[in-house]
Structures are given as C-alpha cells and as structure tokens.
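Engineer: Sequence:
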Amino acid sequence: MSKGICPETLPPSATYLPLVKETETRVIEISTERRLLQGAILVAGCVPVLAGLAGVVTGTEFIGRGGGGIGASASASVPVESHVRYLSGLLLGIGLAFWAAVPRIEAHGRRVRLLAGIVVAGGLARLLGIVIDGPADIPMTAALAMELVVTPALALWQGRVARLWGPVVAATRVSRPRDRASSAPTRSREARSAR
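Residue numbers (UniProt numbering): 1 to 195.
Just so you know, the hints here were simulated from the structure itself, not pulled from any lab data.
We treat Cβ as the ideally placed atom computed from N, Cα and C, and that holds for glycine.
Each hint should be verified, as a subset may be incorrect.
[Claimed, not checked] Quick list of the computed label-pair ranges, beta carbon to beta carbon:
#, residue 1, residue 2, range
1, Thr23, Gly89, 40 to 50 Å
2, Gly117, Tyr86, 34 to 44 Å
3, Asp137, Thr25, 22 to 32 Å
4, Thr25, Ser82, 49 to 59 Å
5, Val43, Val120, 30 to 40 Å
6, Ser31, Leu128, 40 to 50 Å
7, Gly93, Leu124, 14 to 24 Å
8, Gly134, Gly109, 36 to 46 Å
9, Leu128, Thr23, 47 to 57 Å
10, Pro152, Gly39, 14 to 24 Å
Sequences are here, hints too, so could you generate the full structure?
Structural biologist: Have a look at this one:
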C-alpha cells in the first residue's frame, strides 16, 4: 500500500499555503498600485509647483502678459502683478499639499478630494473664460486638461487605493496578546484606600 498525500494527513497549516501565496500576490499588486499612484502624484504635482513658483518669481512675465511673452519686461499694473503672484502662490501651495499627501497617500482621501475640488473649480473658471473670450492657446488647453481630467482621475485613483489598502493593512497586522499586567482591572485610589 503506497502512502499518498491526502488532505486529512496534511497538517492544517499546509492547507493554507495556496491562500497565503494568493494573499501575498494580492498585497504585492496593491502595493505596486499604491507606488504608481504616489509616483503619478509626484509627477503631476510638478506642474502646479513649478508653474506656481515661476509665477511667484516672475509675475505676469510667466504668462506672457508683461509685454510680449515669457521673459519679456513687465508692463502690467502693480495690482495685476500682485494678483498673478498671489494666485501663483496658491497654485504652489496646492502642489505642495498634494506632495505632502504622498508618503501615506492611502490615508489622505479628504485632503486629496479637497485639493482636487479646488483644482476643478479653477478649471471650470478657466473653461468659462474660454467660452467667454474664445479658444485658448496650447499651454492653457494643457492646463485645462490637468484641471478637469488628470486631477479628478488622481482623486478617484486615490479612493481606490485607500479602499484596497485598508484590508491589506488589517490583514498584515499581527495581534499581540495583551500582557496580564495591562489586562488586569485597575483599582481606583478610593477602592484601594477603602481597604
């Protein structure tokens, strides 16, 4: 009689091996997706950070309204220069806030949705300007695509990663048994002094 392997003779841990392998594979896939999202937000965040910084430093020259294009001498009024620098500072801040969410992107859903909402509001204002003033040039059209397509897509992706990442974190936590000292009920001072 040959000794074959049958499920009844296997130790209980051996029956879990396929499940463990499948879980490890899924964790790797989710971790990879999280890393891809982090990279995408870092790259996409370069746009508001660099554009915001350029606007803060050069004012209207950056957008080509200072007398003939990028790098031209500024002839815009002081209030217009001030307003462009202010809005550029906001843009810079939005980009930095996106970057600050990257290390724990799965935990920053509210922040990402709020920032995406702000960016979409700006994109809708830009779109209204196109409707009122006519077609935009290529850089403005690219900015509009970032505001109304890329940023909302990143926010949706963040939501997906957060939903997937939660169970991964819960499954990988090792529950430690509480030690007896910490699990014992503590007596209040009054109860101890009453003895």
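Engineer: Does each hint hold? Answer for all of them.
Structural biologist: A quick look at each hint next to the structure:
1. Thr23 x Gly89: 40 to 50 Å: holds, 46 Å
2. Gly117 x Tyr86: 34 to 44 Å: Since the Cβ atoms of glycine 117 and tyrosine 86 sit about 20 Å apart, the hinted range of 34 to 44 Å is violated.
3. Asp137 x Thr25: 22 to 32 Å: Cβ of aspartate 137 to Cβ of threonine 25: about 47 Å, so the range 22 to 32 Å is violated.
4. Thr25 x Ser82: 49 to 59 Å: Distance hint for threonine 25, serine 82 holds at roughly 55 Å.
5. Val43 x Val120: 30 to 40 Å: violated, 19 Å
6. Ser31 x Leu128: 40 to 50 Å: The hinted range 40 to 50 Å holds for serine 31 and leucine 128, with Cβ atoms some 41 Å apart.
7. Gly93 x Leu124: 14 to 24 Å: 19 Å Cβ-Cβ, so the 14 to 24 Å window holds.
8. Gly134 x Gly109: 36 to 46 Å: holds, 38 Å
9. Leu128 x Thr23: 47 to 57 Å: Check passed, 49 Å falls within 47 to 57 Å.
10. Pro152 x Gly39: 14 to 24 Å: holds, 18 Å
The structure shown violates the earlier hints numbered 2, 3 and 5.
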